[in-house]
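**Q** Chain residues, written in single-letter form:
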Amino acid sequence: MDSGLLRVQLSVNGQRHALALEPRRVLLDVLRDDLGLTGAKKVCDMGNCGACTVLVDGRPMYSCLMLALDWREAAITTIEGLGEPGQLDPVQQAFITADAYQCGFCTPGQIMSVKGLLDTTPEPTDAQIMRALSGNLCRCGAYGNIMRAARIAAGRDPGTDETGSDTA
Amino acid sequence: MQTLVRPSDTHASGSDPGLDPYHATSAAGRIEGPDKVSGRARYSADVRLPGMLWAKILRSPHAHARIHDIDTGAAAALPGVHAVLCYRNAPDIPWYDHGRLFDRTVRFAGDEVAAVAADSEATAEEALRAIRVTYEPLPCVLDMASALAPGAPAIHGTSNRAGDPAIEQRGNPRRGLREAELIIDRVYTTQVALHNALEPHGCVALWQDERLTLYASTQGVNTLRCEVADKLSIPERQVRVVTEHMGGGFGAKQVAWKHDVIAALLARESARPVHLMLDRHAENLATGNRNATRQHLRIGAKRDGTLTTITARIEIQIGAYRAGGETSSVDGIYHSLYACRNVRTEQAVVYTNTGPAVAFRAPGYVEGNFALESALDELARALNIDPIELRLRNYAETDQRRRKPYTSPDSLRRTYARVSEAFGWRRYVRSVDSGPKRRGIGFAAHDWVGGGGSPPGKVRLTLVPPGRFRLESAAQDIGTGTRTALAQVCAQALGVDIATLDIALGDSNLQLASPTSAGSATLATLAPAIHGAADQVRKRVLQAAAELLLEPAQALELRTGRVVANSGRELSLRSLCEHLGRRTITAIGKRAANRRSQSIRTCGAQCVEVEVDIETGEVRVVRVVASHDCGRIVNRHLVASQVMGGVMQGIGFALTEARVVDPRSGVVLNANLEDYKLPTVADTPVIIHAALDLADTEANVAGVKGIGEPPIIPTAAAIANAIFDAVGVRLYNTPFSVCGMLEKLSGPPHARMCDNDEPR
Chain W
1 MDSGLLRVQL SVNGQRHALA LEPRRVLLDV LRDDLGLTGA KKVCDMGNCG
51 ACTVLVDGRP MYSCLMLALD WREAAITTIE GLGEPGQLDP VQQAFITADA
101 YQCGFCTPGQ IMSVKGLLDT TPEPTDAQIM RALSGNLCRC GAYGNIMRAA
151 RIAAGRDPGT DETGSDTA
Chain E
1 MQTLVRPSDT HASGSDPGLD PYHATSAAGR IEGPDKVSGR ARYSADVRLP
51 GMLWAKILRS PHAHARIHDI DTGAAAALPG VHAVLCYRNA PDIPWYDHGR
101 LFDRTVRFAG DEVAAVAADS EATAEEALRA IRVTYEPLPC VLDMASALAP
151 GAPAIHGTSN RAGDPAIEQR GNPRRGLREA ELIIDRVYTT QVALHNALEP
201 HGCVALWQDE RLTLYASTQG VNTLRCEVAD KLSIPERQVR VVTEHMGGGF
251 GAKQVAWKHD VIAALLARES ARPVHLMLDR HAENLATGNR NATRQHLRIG
301 AKRDGTLTTI TARIEIQIGA YRAGGETSSV DGIYHSLYAC RNVRTEQAVV
351 YTNTGPAVAF RAPGYVEGNF ALESALDELA RALNIDPIEL RLRNYAETDQ
401 RRRKPYTSPD SLRRTYARVS EAFGWRRYVR SVDSGPKRRG IGFAAHDWVG
451 GGGSPPGKVR LTLVPPGRFR LESAAQDIGT GTRTALAQVC AQALGVDIAT
501 LDIALGDSNL QLASPTSAGS ATLATLAPAI HGAADQVRKR VLQAAAELLL
551 EPAQALELRT GRVVANSGRE LSLRSLCEHL GRRTITAIGK RAANRRSQSI
601 RTCGAQCVEV EVDIETGEVR VVRVVASHDC GRIVNRHLVA SQVMGGVMQG
651 IGFALTEARV VDPRSGVVLN ANLEDYKLPT VADTPVIIHA ALDLADTEAN
701 VAGVKGIGEP PIIPTAAAIA NAIFDAVGVR LYNTPFSVCG MLEKLSGPPH
751 ARMCDNDEPR
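Chains as they are written, first to last, in our numbering: chain W, 1 to 168; chain E, 1 to 760.
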């Protein structure tokens with residue numbers, strides 16, 4: 001083995017992976033290129049946009065800013081690790097219900113931010129949801145529906161069709 | 001997001017909402033929803049192929065320079081580097097006006113100089129750093145004023161004007177000016193805005209024998225195939241372009257860019273698949289932008305508000321090259337939005353040593369609309385006429401440019417009424433001014449030349465064992481929900497449940513003419529073709545079933561999974577398929593031409609409420625109500641999402657987004673998502689879509705039109721007009737920055753009203 005590589009074990013989505021990594025590799029690249037988990041996206045590669053958000057010990061973090069080998073002890077969850085086989089997580093389902101995406105490129109990151117919030121704050125206020133999503137850009141501008149998806153997932157919105165009669 | 005629908009707004013006849021053919025499927029989520037929320041949706045950047053290399057492009061640090069020499073020896077010698085390309089060894093391929101793929105002259109900071117492919121991204125980056133380029137810097141021009149100044153260095157040929165100005169005139173503008181009792185004479189400017197789709201431009205290139213496959217983030221698989229084949233001088237049939245999902249484009253991904261061909265060349269050179277996705281920095285330099293404009297506008301009117309003339313001299317900053325694609329028609333809206341006999345526009349295109357412009361969601365209309373609708377508001381105030389009333393007094397009943405009636409002549413008027421009512425325009429009560437925060441409201445209307453669709457457009461529809469239907473179109477889903485809307489149209493046209501339908505998109509190998517995702521044209525182009533295919537397939541299914549059921553075909557009806565006879569007898573499609581054996585039922589639907597006698601348009605209006613902090617200069621958009629005519633609504637959630645997204649991008653354009661170029665070096669100073677200010681969740685106002693579901697069956701058999709571009713068009717003007725209403729400051733230059741606001745707010749009242757300084 002090349003002398004520049006370090007043997008590390010990473011725990012991702014409940015599975016341990018033995019890897020040989022250059023110390024400079026960031027977690028996002030390792031997830032996408034070594035583990036084939038391409039759900040987290042590379043958009044800005046410098047912590048501006050949130051498209052690479054994953055959960056690290058339950059906390060939403062930007063994986064593009066994390067050196068992979070620093071996180072050997074952590075439990076990492078990516079979008080691929082949400083839900084059960086054949087069954088979406090309620091946050092994922094809420095994004096479908098609220099049409100909380102357009103192109104979908106930022107969606108995995110948005111979902112992980114909402115998931116991280118709801119795991120620690122099951123009944124968030126709008127201000128808390130907004131704060132949790134403030135590090136996730138959506139160029140399609142789906143923010144209104146993303147907020148609604150978070151409310152649906154938190155049980156604050158029934159998620160029924162909002163179209164109604166305008167009696168004005 | 002709230003969508004307001006009233007029975008009277010559904011259907012041109014305004015009768016029965018129960019007739020909405022899409023009612024059942026409209027509420028369904030997107031077909032690709034589960035893939036997009038689970039990370040399974042595969043974008044170009046996610047394609048991984050065995051032996052794949054990673055490619056990077058070296059870009060010019062100079063705004064204008066001659067490349068004296070390039071030494072790639074050290075780069076090529078690095079372990080892991082498989083290919084290095086520059087003007088020395090790459091094929092000499094013509095590009096842009098008179099340039100080359102790898103040009104000896106670079107004309108903006110970000111121009112392509114060399115490229116490498118290596119077995120890791122890190123090695124590719126290292127190789128780029130090892131390339132030695134000797135530049136001979138040339139004088140540069142970075143804005144339109146300096147580009148047009150006497151003696152300015154010419155970027156191409158002898159002048160920085162890209163061709164002659166486009167002049168369009170009707171009537172006698174001079175006479176119109178003489179007849180005017182009031183004239184608004186203003187100069188407006190708009191900035192360069194960057195698309196910044198979150199998925200960067202790029203592709204993965206794979207050669208198999210002499211055949212090239214590009215997994216590309218593109219708005220036009222067929223266009224890209226054609227352009228890449230042309231650049232590589234190989235037959236089109238040897239190129240396949242696949243776009244399964246794409247992370248946005250907003251106009252910037254509708255042409256072949258140099259990186260597409262560079263990826264193909266690197267893959268050929270290295271005999272390996274090559275992954276070439278741009279990084280965010282390059283994305284902000286070299287993949288297009290919304291052109292800056294300077295618009296000198298004059299409108300004349302009678303005391304009763306009747307417009308007597310509209311004239312505009314327009315300059316468009318195209319950047320270093322003409323990148324092609326949809327044209328930016330800043331002049332378009334001046335000729336169409338209002339009834340006016342005397343109109344003249346002169347639109348000139350100016351080169352500068354900056355990244356090339358390309359279509360950006362409603363190219364030109366966003367810019368022109370800001371100026372025209374700001375001026376109309378100023379006119380309304382000067383005449384003391386309600387802004388909506390002034391627009392009604394100048395309502396254009398026909399397409400004055402083409403001298404034809406519109407297919408939906410009344411729809412713009414209906415959007416005025418709809419938006420005004422849903423917003424409470426006439427009932428609006430200003431909150432009592434207390435403290436530094438002041439509120440105000442603004443209105444703006446728009447039309448849009450696109451949205452009608454046109455040939456060519458083909459789809460293929462096939463009955464597939466065991467009784468499902470398969471719809472195929474080469475068109476890609478840019479993120480608007482094309483996949484879902486096309487499937488809905490097809491299910492409805494066949495009369496079957498959407499769950500029994502499969503749809504394949506985004507592959508040039510389907511060999512079906514398809515529109516580029518541009519001009520808000522996809523649905524209006526393909527829906528009529530789908531109707532055609534569905535009619536043929538239904539007919540042939542019923543004929544085949546008639547033979548088996550021994551019933552006349554006229555007595556049969558296609559339902560989900562079966563054919564039912566008047567007599568009550570049934571045949572399942574599964575049985576039908578078994579009987580057909582190896583015979584298939586398939587048909588191609590072709591988009592027919594639009595009627596020549598009528599003109600199709602989309603249009604709409606928005607009302608905005610803003611809050612201006614007179615101490616900090618901060619503008620907050622509080623509430624937006626939007627109403628747009630997009631014909632029949634196939635999926636109200638998809639339409640509402642387009643409206644929401646367009647409004648958000650309009651807010652970004654109006655308030656925070658601007659490419660900042662260093663005035664000496666030409667280097668872009670905010671080529672990242674920290675310093676280029678996109679709207680965030682915290683900038684999101686209440687957005688209400690006051691829906692109009694007006695089937696435009698004069699336009700096409702499906703009654704549908706586009707909604708992709710329209711919602712961004714009137715937002716900036718409506719915000720500007722609301723700011724004036726709030727604090728009496730008239731804004732002529734986008735974006736309305738906090739600094740600019742403070743400057744205006746601190747000036748004397750006179751300056752607030754009349755200041756129309758040229759920007760530096």
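Do not rely on the hints blindly, as some may be mistaken.
[Unchecked claim] Beyond 12 Å from chain W on every Cβ pair, some chain E residues (computed):
#	residue
1	R30
2	P34
3	P94
4	D103
5	P235
6	M644
7	G650
8	T680
9	T684
[What the hints assert, rightly or not] Covered stretches of chain W (chain E as the covering partner; in silico rule of three or more C-beta atoms under 8 Å from a C-beta of chain E):
#	segment
10	23 to 36
11	51 to 65
12	70 to 76
13	111 to 118
14	141 to 148
No wet-lab data here; the hints were simulated from the structure. Since the structure is predicted, the reported quantities are computational estimates derived from the model, not experimental observations. From the three backbone atoms N, C-alpha and C, an ideal C-beta is built for every residue, glycine too.
**Q** Determine for every hint whether it applies to the structure shown.
**A** Okay, the hints, checked on the actual structure:
At the 12 Å boundary, the C-beta of R30 of chain E falls inside the reach of chain W, the nearest C-beta of that chain being 7 Å off. For P34 of chain E, the requirement that its beta carbon stay farther than 12 Å from each beta carbon of chain W is not met, with the minimum near 7 Å. At roughly 33 Å from the closest C-beta of chain W, the C-beta of P94 of chain E stays outside 12 Å, upholding its exclusion from the interface. At the 12 Å boundary, the C-beta of D103 of chain E stays outside the reach of chain W, the nearest C-beta of that chain being 28 Å off.
No beta-carbon of chain W is positioned within 12 Å of the beta-carbon of P235 of chain E; the least distance is around 32 Å. Distance to chain W contradicts M644 of chain E as a non-interface residue, since its nearest Cβ pair spans about 5 Å, not more than 12 Å. A beta-carbon of chain W is positioned within 12 Å of the beta-carbon of G650 of chain E; the least distance is around 9 Å. A cut-off of 12 Å between C-beta atoms contradicts the statement that T680 of chain E is not in contact with chain W; the least separation is 6 Å.
A beta-carbon of chain W comes within 12 Å of the beta-carbon of T684 of chain E; the shortest separation is about 4 Å. Under the rule that three or more residues need a Cβ within less than 8 Å of chain E, the assignment of the segment 23 to 36 of chain W holds, with 5 such residues. Counting residues of the segment 51 to 65 of chain W whose C-beta sits closer than 8 Å to any C-beta of chain E gives 1, which falls short of three, so the coverage hint is violated. For the segment 70 to 76 of chain W, the assignment as covered by chain E is violated, since 0 residues bring a beta-carbon within under 8 Å of that chain's beta-carbons and 3 are needed.
Under the rule that three or more residues need a Cβ within less than 8 Å of chain E, the assignment of the segment 111 to 118 of chain W is violated, with 1 such residues. By the rule of at least three residues with a Cβ nearer than 8 Å to a Cβ of chain E, the coverage given for the segment 141 to 148 of chain W holds, with 8 such residues.
Checked against the numbered hints given earlier, the structure breaks hints 1, 2, 6, 7, 8, 9, 11, 12, 13 and satisfies all the rest.
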